[in-house]
Structure formats: structure tokens, C-alpha cells
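Asks: Sequence:
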Amino acid sequence: MSATAQATDSPLSEKQRRILEYLQANADEQTYFKSRLIGEELGLSAKEVGTNMTTIADGDFSVDVEKWGYSSSTTWMVDA
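For the sequence shown, the positions run 1 to 80 when this note's numbering is used.
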């Protein structure tokens, strides 16, 4: 299957896919992620990250995501 076909078959938007890929790449080394810091890495605002993380948290993906805290940006606990 081509990359284009995979992207159009995905239930995730492009931003959500980028966030998920970031979490998958870093979840083995890190457990807690701040929306603000994810946004800085991916060129997104903390609000964009937070809005899109709920879809990832509610979905069935290779990582488990749980909203964890709100101090100076929402913190997400991620378990690979």
C-alpha cells in the first residue's frame, strides 16, 4: 500500500499523526510530556497539541495517553 493510501485511510489528521509519531519515538525514554514542549518540537501551539491529544488518548494506538496535570501546560502520561 502506498504512503498516500495509508494517510487517507488513517482516522488521524496530519497533526494527530505527527504527535502520535513523536510520542511513539520518545515514549521508551520518557513518560511525561508537556503540550507546550511537544508543540515546540513539532511547530504547533500547546493548544493545538492539547486539542489533538484527546483524539490520540481516546483511540486505540500503540501508546496509552492519559491527561495527567495542568501546571504551566497540560502534562500527558504516555505508556508505550
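Source of the hints: derived by calculation from the structure; they are not laboratory data.
Check the hints yourself; a few may be wrong.
To be verified - The list that follows gives simulated cross-link-like pairs (lysine to any residue, SDA-like), each with its CA atoms no further than 25 Å apart:
1. Lys-15 <-> Leu-42
2. Lys-34 <-> Thr-75
3. Lys-47 <-> Tyr-22
4. Lys-15 <-> Ile-56
5. Lys-34 <-> Glu-21
6. Lys-67 <-> Ala-27
Asks: Taking the hints in turn, state whether each one holds.
Replies: Taking the hints in turn, this is what the structure says about them:
With a C-alpha separation of about 9 Å, the suggested pairing of Lys-15 with Leu-42 holds against the 25 Å cut-off. Pair hint Lys-34 plus Thr-75 holds up; C-alpha atoms about 4 Å apart against a cutoff of 25 Å. A distance of roughly 17 Å separates the Cα atoms of Lys-47 and Tyr-22; the hinted pair therefore holds under the 25 Å criterion. Between the alpha carbons of Lys-15 and Ile-56 the distance comes to roughly 11 Å, so the proposed pair stays at or under 25 Å and holds.
At most 25 Å may separate the alpha-carbon atoms for a hinted pair to count; Lys-34 and Glu-21 meet this at roughly 15 Å. Of the pairs offered as hints, the one joining Lys-67 and Ala-27 holds, with about 15 Å between alpha carbons and a cut-off of 25 Å not exceeded.
Hint compliance for this structure: no hint is broken.
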